[in-house]
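Using the sequences and the hints, build the whole thing.
Quick mapping for you: the protein sequence lines, in order, are chains A and B. Each residue of the first sequence is one higher than the last, beginning at 1 in my numbering. Each residue of the second sequence is one higher than the last, beginning at 1 in my numbering.
Keep in mind that the hints were calculated from the coordinates and are not lab data. Every residue gets a Cβ at the ideal spot worked out from N, C-alpha and C, and that includes glycine. Treat the hints with care, as some may be off.
As the list claims (entries may be wrong) - Simulated restraints, written as ranges between beta carbons of each label pair:
no.	chain 1	residue 1	chain 2	residue 2	range
1	A	Asn-237	B	Arg-226	31 to 39 angstroms
2	B	Arg-226	A	Lys-469	56 to 64 angstroms
3	B	Asn-233	A	Gly-627	47 to 55 angstroms
4	B	Arg-226	A	Asp-545	41 to 49 angstroms
5	B	Gly-116	A	Leu-106	54 to 62 angstroms
6	B	Glu-191	A	Pro-239	48 to 56 angstroms
7	A	Ser-104	B	Thr-57	33 to 41 angstroms
8	A	Glu-110	B	Ser-65	37 to 45 angstroms
9	B	Ser-65	A	Thr-277	48 to 56 angstroms
10	A	Glu-364	B	Ser-65	46 to 54 angstroms
11	A	Glu-648	B	Arg-226	48 to 56 angstroms
12	A	Glu-364	B	Thr-51	55 to 63 angstroms
To be verified - Lysine to any residue pairs mimicking SDA-like chemistry, simulated, CA-CA at most 20 angstroms apart:
no.	chain 1	residue 1	chain 2	residue 2
13	A	Lys-588	A	Leu-541
14	A	Lys-606	A	Met-897
15	A	Lys-335	B	Arg-213
16	B	Lys-77	A	Met-300
17	A	Lys-91	B	Glu-191
18	A	Lys-335	B	Lys-77
19	B	Lys-113	B	Gln-102
20	B	Lys-84	A	Met-300
What follows is each chain in one-letter form.
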Amino acid sequence: MKTQTVHSGFTLLLSFVLALGITPVLAQDDGSAGSSSSAPNETVLDALIQNALTDEQGVPADIAEFARLADDTAVYKDLTTDDIKNAVTDKVDNLCTKSTGNLSTLDYEECASLVNEIQTIVQREMSIRSLGRDLEATASSFEVPVRDGQGGPVSVNSPVAGILNAWRVHGSGSVAGTGALLRTIVADPDAAKSAAKKINDALSKLADKDFDNTEQQPAAVWRYSMGVRLVRGERKNYPAPKEVGTGKAQPDRQYLFKKWDKLEQPLEDLWGTLKATKFDPPLSDGEVALFTFKDDAMPMNVELWGYVEQPAPVKNADGTTVKPPLDGDVGIRFKIPLDPSFPSLLKEGGGDKSAILGGTYPPEPVLQDSTAQNKKPQDGMMLCSGPLSRRGFLCRTVSDQDGVACAENPAVNDPDIIALTSCTQQLPMQQNETWCCIPPSQSGNNSGAKWDGKNGGTCQVLTKTDCQKQGKPMDDINQCVKYGCDTIVPQVQQITTSGPDVCRNVDWQSGDFDAQYDCKISYICSQNCTKAEQFGSATGLKGSDGTIQICLGANAETFAMQHELIHAAQECGLPPNTPLYTNPADFKKKNGKDMTPDQLEQENAKCCAAEGEAADGGQCALMEQAGAFGQSGGSPKLSSSGIPFTRETCMEAFRNAACGPKGGNNGFEGCPVSRDYPDQFATDLQKLWASTSKAPSSCNDLIKNPDPRIANLKISIEHEEAVCTPGNQTTFPNTIGNTLCYVGLCAETSEELHRTIPGRIGATTQDQAYPNDANLGPEPADGNFLTAPPGGDTVLPPYEPRRLLAAMDADYCRILGLPPESPSALCTVTASRTLQLSLGDFLTETEQTYVNQQEAATTIQNQEAMAPALGIRIGTSLYTDYLRRFGKSYAELMQTMQRILTSMQNTNFPTEMCPLGTQQ
Amino acid sequence: MNRKLLALAGLLLPLLLAGCGQELYPDESDATPLPPCQTAGTPFADQDFATFKGSATLPLQQDYSAWRKLYRDELQKVVDAHEKLLFGDDTQQLTCDAATYQKMLPGSDALKKLAGKLPAFKQTASQLSEMDIVPVLLEWERVYECSLNEEYTYAEPNIDQELAKKGGDFAQFRTINIVNETAVPRRTYIESEMLAVRALNTRLDTILGGLDRLTPLAAEVSCLERATADIRNSMSLIGEASACLPRALDDKNSLRDFDFNP
Numbered sequence: 001m002k003t004q005t006v007h008s009g010f011t012l013l014l015s016f017v018l019a020l021g022i023t024p025v026l027a028q029d030d031g032s033a034g035s036s037s038s039a040p041n042e043t044v045l046d047a048l049i050q051n052a053l054t055d056e057q058g059v060p061a062d063i064a065e066f067a068r069l070a071d072d073t074a075v076y077k078d079l080t081t082d083d084i085k086n087a088v089t090d091k092v093d094n095l096c097t098k099s100t101g102n103l104s105t106l107d108y109e110e111c112a113s114l115v116n117e118i119q120t121i122v123q124r125e126m127s128i129r130s131l132g133r134d135l136e137a138t139a140s141s142f143e144v145p146v147r148d149g150q151g152g153p154v155s156v157n158s159p160v161a162g163i164l165n166a167w168r169v170h171g172s173g174s175v176a177g178t179g180a181l182l183r184t185i186v187a188d189p190d191a192a193k194s195a196a197k198k199i200n201d202a203l204s205k206l207a208d209k210d211f212d213n214t215e216q217q218p219a220a221v222w223r224y225s226m227g228v229r230l231v232r233g234e235r236k237n238y239p240a241p242k243e244v245g246t247g248k249a250q251p252d253r254q255y256l257f258k259k260w261d262k263l264e265q266p267l268e269d270l271w272g273t274l275k276a277t278k279f280d281p282p283l284s285d286g287e288v289a290l291f292t293f294k295d296d297a298m299p300m301n302v303e304l305w306g307y308v309e310q311p312a313p314v315k316n317a318d319g320t321t322v323k324p325p326l327d328g329d330v331g332i333r334f335k336i337p338l339d340p341s342f343p344s345l346l347k348e349g350g351g352d353k354s355a356i357l358g359g360t361y362p363p364e365p366v367l368q369d370s371t372a373q374n375k376k377p378q379d380g381m382m383l384c385s386g387p388l389s390r391r392g393f394l395c396r397t398v399s400d401q402d403g404v405a406c407a408e409n410p411a412v413n414d415p416d417i418i419a420l421t422s423c424t425q426q427l428p429m430q431q432n433e434t435w436c437c438i439p440p441s442q443s444g445n446n447s448g449a450k451w452d453g454k455n456g457g458t459c460q461v462l463t464k465t466d467c468q469k470q471g472k473p474m475d476d477i478n479q480c481v482k483y484g485c486d487t488i489v490p491q492v493q494q495i496t497t498s499g500p501d502v503c504r505n506v507d508w509q510s511g512d513f514d515a516q517y518d519c520k521i522s523y524i525c526s527q528n529c530t531k532a533e534q535f536g537s538a539t540g541l542k543g544s545d546g547t548i549q550i551c552l553g554a555n556a557e558t559f560a561m562q563h564e565l566i567h568a569a570q571e572c573g574l575p576p577n578t579p580l581y582t583n584p585a586d587f588k589k590k591n592g593k594d595m596t597p598d599q600l601e602q603e604n605a606k607c608c609a610a611e612g613e614a615a616d617g618g619q620c621a622l623m624e625q626a627g628a629f630g631q632s633g634g635s636p637k638l639s640s641s642g643i644p645f646t647r648e649t650c651m652e653a654f655r656n657a658a659c660g661p662k663g664g665n666n667g668f669e670g671c672p673v674s675r676d677y678p679d680q681f682a683t684d685l686q687k688l689w690a691s692t693s694k695a696p697s698s699c700n701d702l703i704k705n706p707d708p709r710i711a712n713l714k715i716s717i718e719h720e721e722a723v724c725t726p727g728n729q730t731t732f733p734n735t736i737g738n739t740l741c742y743v744g745l746c747a748e749t750s751e752e753l754h755r756t757i758p759g760r761i762g763a764t765t766q767d768q769a770y771p772n773d774a775n776l777g778p779e780p781a782d783g784n785f786l787t788a789p790p791g792g793d794t795v796l797p798p799y800e801p802r803r804l805l806a807a808m809d810a811d812y813c814r815i816l817g818l819p820p821e822s823p824s825a826l827c828t829v830t831a832s833r834t835l836q837l838s839l840g841d842f843l844t845e846t847e848q849t850y851v852n853q854q855e856a857a858t859t860i861q862n863q864e865a866m867a868p869a870l871g872i873r874i875g876t877s878l879y880t881d882y883l884r885r886f887g888k889s890y891a892e893l894m895q896t897m898q899r900i901l902t903s904m905q906n907t908n909f910p911t912e913m914c915p916l917g918t919q920q
Numbered sequence: 001m002n003r004k005l006l007a008l009a010g011l012l013l014p015l016l017l018a019g020c021g022q023e024l025y026p027d028e029s030d031a032t033p034l035p036p037c038q039t040a041g042t043p044f045a046d047q048d049f050a051t052f053k054g055s056a057t058l059p060l061q062q063d064y065s066a067w068r069k070l071y072r073d074e075l076q077k078v079v080d081a082h083e084k085l086l087f088g089d090d091t092q093q094l095t096c097d098a099a100t101y102q103k104m105l106p107g108s109d110a111l112k113k114l115a116g117k118l119p120a121f122k123q124t125a126s127q128l129s130e131m132d133i134v135p136v137l138l139e140w141e142r143v144y145e146c147s148l149n150e151e152y153t154y155a156e157p158n159i160d161q162e163l164a165k166k167g168g169d170f171a172q173f174r175t176i177n178i179v180n181e182t183a184v185p186r187r188t189y190i191e192s193e194m195l196a197v198r199a200l201n202t203r204l205d206t207i208l209g210g211l212d213r214l215t216p217l218a219a220e221v222s223c224l225e226r227a228t229a230d231i232r233n234s235m236s237l238i239g240e241a242s243a244c245l246p247r248a249l250d251d252k253n254s255l256r257d258f259d260f261n262p
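See the structure below:
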């Protein structure tokens with residue numbers, strides 16, 4: 001007699017369950033056990049009770065049949081299913097008193113032995129079923145809350161996806177967009193109901209089929225639990241599970257790969273309906289539409305599920321991008337899986353059935369690829385085909401590079417991974433740069449040649465020269481880490497004119513381009529850019545289509561490009577064909593006459609403002625960043641004319657050059673400056689520029705591989721400016737991330753591209769206090785280009801009266817031929833001394849005494865006559881010294897006042913008093 | 001070897017997980033002492049275990065469905081309510097600002113009603129959380145098993161009383177032999193019912209325990225979802241306000257719209 005009836009996979013656990021003494025006991029009363037009806041009003045608990053009672057109180061028909069066929073001896077051939085049940089329920093008399101067939105030949109002991117054998121076979125199979133359901137209950141209760149699809153509070157996936165959706169930024173890059181973009185849609189009720197009815201019919205027939213009722217229905221549901229398209233091999237990126245371990249060798253797996261036509265057809269029809277759904281708005285790249293099915297026609301504890309997704313665009317080898325067709329799947333699954341797909345007991349097929357004795361283990365999983373990076377089982381893709389579960393950690397590609405912060409990592413670019421933080425962009429390493437291993441403390445040995453990197457350190461990108469001074473150059477980051485420098489300074493940043501951007505590549509889905517407010521920037525390379533400035537490049541007017549063309553001349557490089565981009569930024573928000581300023585030559589050419597003095601002054605001011613901003617944020621800012629002006633915090637470099645190179649002097653010199661008589665805009669009168677700039681300074685500045693900037697290999701190379709700062713600024717001007725331009729309407733999906741980006745961009749746009757002067761900005765002056773401003777029409781732009789006069793060094797020169805008096809006294813003594821004395825009275829000749837040296841002649845003596853006094857008196861009189869003149873001269877000198885410094889500032893102040901007064905004179909005030917509201 | 005480890009892990013994991021959840025329940029000092037294992041004081045005391053059906057002929061036909069129906073009906077109500085919480089669309093019953101999970105997930109009416117009938121939970125029934133479903137169902141099973149056990153022990157005197165209550169022709173069977181014979185199938189039924197009830201509850205608790213392991217997390221996520229909606233609304237207002245930033249900060253512009261082409 002064969003006893004090998006225990007099925008594969010359960011041998012060990014079976015012994016454990018038997019040890020617990022779980023013994024099948026049969027129902028004594030209403031015989032409810034064993035039935036597997038599927039009334040629609042039943043609940044999951046009903047099914048649970050049904051299964052529990054079946055395991056403990058009943059003998060399913062298929063197990064009874066299996067027990068009858070398990071042995072091919074003559075006695076077993078004469079047994080019926082009822083005989084088996086009698087044997088198991090200890091109704092030995094009913095079995096052993098049968099007088100038919102070979103049973104009649106058995107004596108009582110032999111019959112008792114037969115009953116014992118039957119009980120053992122049934123008991124084992126019942127235990128396997130019970131254990132299978134227990135294991136399934138344990139597994140499914142853990143899996144149901146985290147599987148794909150809809151659910152209530154216990155479902156974690158959908159709310160998490162919803163939360164991610166609400167927080168995420170809808171961007172085209174992998175940086176801002178993480179997690180699945182999810183949408184929930186109610187499926188077409190008619191299609192769902194039709195499919196549900198057919199599926200219910202098919203499953204009911206499987207359940208009602210004799211003997212196989214506990215095998216086929218669960219197997220059929222499990223078969224399509226991951227989707228009908230998946231198992232049919234219709235999904236390009238998710239191959240169907242490979243059929244292994246079936247056939248004659250292992251018939252107990254016969255239902256795992258069985259094709260159930262009556263289930264597949266309605267599911268295929270339903271997929272066609274779901275796929276044809278008109279999505280409004282259309283699915284965006286990577287978005288998933290999860291369908292919910294409101295129907296009552298499905299069998300108890302079985303539900304429909306389905307989703308449609310728009311896969312992300314695929315990049316071809318030639319660089320073109322292709323939008324893949326809609327993907328997705330539809331299937332059926334248990335609400336709470338209670339039954340596993342049991343090992344089959346009876347061979348399928350018509351005619352006489354035969355038992356499947358089992359005893360074989362499933363084959364080992366076949367790996368797709370034996371390489372270390374891709375060890376995925378062939379049938380392991382089923383779990384990872386769902387729109388949410390594929391993003392779980394079980395399905396995520398594990399990177400070997402995780403320990404390296406912000407290194408370029410292929411996994412980072414995978415849109416299917418969850419990236420809470422990741423590197424956004426890596427600045428291309430320049431030719432003169434290298435990875436550098438720097439010692440932890442510069443106080444010790446900082447010689448690159450002697451540094452051995454054993455005590456830790458920092459990996460950082462530096463110029464080769466700096467690295468030689470501070471540490472040891474490395475070929476790449478890996479070598480740097482291996483060398484011992486374990487702290488990595490990411491060489492990743494995004495730089496704009498004012499620092500890092502808050503958001504990049506945000507998909508402002510409904511941000512329609514409006515040439516009135518927006519612009520596009522295009523570059524051309526030309527040897528003869530019209531209206532070229534001193535470095536041979538120029539920015540054209542914004543065209544009616546919103547395009548601003550930047551012409552890059554022969555000598556154009558990054559600094560010049562930045563300069564022109566700032567001009568483009570100035571033009572971007574203006575209406576098309578609006579020049580930043582008009583130079584006198586152009587005006588005359590166009591109008592046939594010269595500008596009026598007022599016009600000239602105004603256009604001159606506009607030129608100074610536009611060119612000053614472009615020079616300041618353009619070449620001067622980049623030269624300063626490149627260290628051309630000297631070390632930060634240290635003394636600035638001096639030009640040959642003694643003027644320090646600073647961002648301010650750089651800006652003033654370039655601005656004056658552009659808007660001065662000698663500049664490219666001939667006819668202007670120059671701009672206010674804080675000092676006089678000799679021509680030599682401009683020459684020195686140009687040389688400094690040339691030695692600092694890096695010449696591109698070609699103009700096309702400059703356009704194709706721009707400096708990241710240039711690329712970012714261009715994006716900033718083209719996209720972000722438009723997002724928050726006054727009067728422009730921008731719409732975007734209502735997510736927290738998008739709104740934060742919008743807020744950030746508004747603030748950033750203001751900081752980067754707008755002029756802010758304390759006391760003049762709308763936020764502080766509250767133009768509501770000046771309601772007339774609303775109706776003033778185009779702003780006269782007078783205030784925009786006013787430059788505050790430089791603060792004059794107007795301290796009063798020292799008066800020093802004591803020194804003046806002392807000088808007077810010294811002069812007095814010097815005239816008398818005496819050493820300087822103070823007071824000067826000490827230098828007077830004493831007349832009475834004549835009396836002490838008598839001359840013998842009274843008259844002469846008297847005369848000499850008089851002359852002596854007269855000599856001093858004359859000198860005194862002369863001095864008295866000259867002193868006021870000297871005082872006036874000295875005073876005039878003091879006044880001149882003072883005016884020499886103050887006069888310039890005073891003149892500018894007066895000019896500014898005159899300009900303001902003139903502008904006020906030219907301002908047309910509204911005739912209506914305090915009009916409110918906007919002018920349309 | 002791997003399967004042995006798996007089996008061992010299967011044994012240990014529930015024990016470990018059971019320990020994780022202990023903080024959800026009141027301190028031992030606050031818990032009601034376990035009531036005695038008896039029928040008295042339970043819902044099963046209100047009705048006879050079995051009724052005699054059919055005509056008064058031997059062997060006597062007994063109907064055992066009353067207790068089983070009572071047990072399963074209550075079980076059904078509680079599990080239905082829990083299932084509605086787990087898989088329904090209504091998450092409004094979550095109290096997101098509660099200080100504890102007990103208060104965050106208030107118990108369903110069915111759960112509180114059943115707990116109110118159980119001696120062990122009578123005092124705390126109104127404060128129960130939905131997280132307490134498994135302890136309540138375990139107590140409900142214990143009460144049922146105790147009642148079955150008591151019926152198993154005292155089958156003969158109970159049968160005698162039931163026959164006396166039935167009266168009529170059934171009264172003639174109040175003899176020792178007949179009562180003893182009638183007790184045999186009753187005990188057989190009780191044995192099978194106790195096995196089935198234990199198996200049913202084990203599997204039910206397995207599933208509920210598995211599903212509920214994420215319930216606190218899922219509840220938190222649901223509350224986070226609500227908070228997200230609030231934050232999103234707030235951010236929308238901030239976004240609206242920030243649209244004025246270029247106007248507010250740029251001194252070239254007014255806060256008002258200028259007509260560029262007057």
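Verdict for Ser-65 (chain B), Thr-277 (chain A) (Cβ pair) under range 48 to 56 angstroms: Given range 48 to 56 angstroms: holds, Cβ gap about 50 angstroms.
Restraint check for Lys-335 (chain A) with Arg-213 (chain B), where alpha carbons must lie at most 20 angstroms apart: It holds: about 17 angstroms lies between the C-alpha atoms, which stays within 20 angstroms.
Consistency of beta-carbon spacing, Leu-106 (chain A) to Gly-116 (chain B), with hint 54 to 62 angstroms: holds, 59 angstroms
Pair hint outcome, Lys-588 (chain A) versus Leu-541 (chain A) [Cα-Cα no greater than 20 angstroms]: The given pair, whose Cα atoms are some 19 angstroms apart, holds under the 20 angstroms limit.
CB-CB spacing for Pro-239 (chain A) and Glu-191 (chain B) relative to the 48 to 56 angstroms hint: holds, 52 angstroms
Distance restraint between Lys-91 (chain A) and Glu-191 (chain B), which requires alpha-carbon spacing of 20 angstroms or less: Holds. Lys-91 (chain A) to Glu-191 (chain B) sits at ~17 angstroms (cutoff 20 angstroms).
Cβ separation of Glu-648 (chain A) and Arg-226 (chain B), checked against the hinted range 48 to 56 angstroms: holds, 54 angstroms
Cβ distance range 33 to 41 angstroms for Ser-104 (chain A) and Thr-57 (chain B), holds or violated: Taking Cβ atoms as reference, Ser-104 (chain A) and Thr-57 (chain B) lie about 34 angstroms apart, which means the hint holds.
Beta-carbon spacing of Arg-226 (chain B) to Asp-545 (chain A) - inside the hinted bounds 41 to 49 angstroms or not: Between Arg-226 (chain B) and Asp-545 (chain A), where Cβ atoms are some 47 angstroms apart, the hint holds.
Outcome of range test on Cβ distance (Asn-233 (chain B), Gly-627 (chain A); 47 to 55 angstroms): Since Asn-233 (chain B) and Gly-627 (chain A) have Cβ atoms about 48 angstroms apart, the given range 47 to 55 angstroms holds.
Straight-line alpha-carbon gap Lys-77 (chain B) to Met-300 (chain A), limit 20 angstroms: Cα-Cα ~17 angstroms, so holds.
20 angstroms Cα cutoff - pair Lys-335 (chain A), Lys-77 (chain B): Holds. Lys-335 (chain A) to Lys-77 (chain B) sits at ~19 angstroms (cutoff 20 angstroms).
The earlier numbered hints are all upheld by this structure, with none contradicted.
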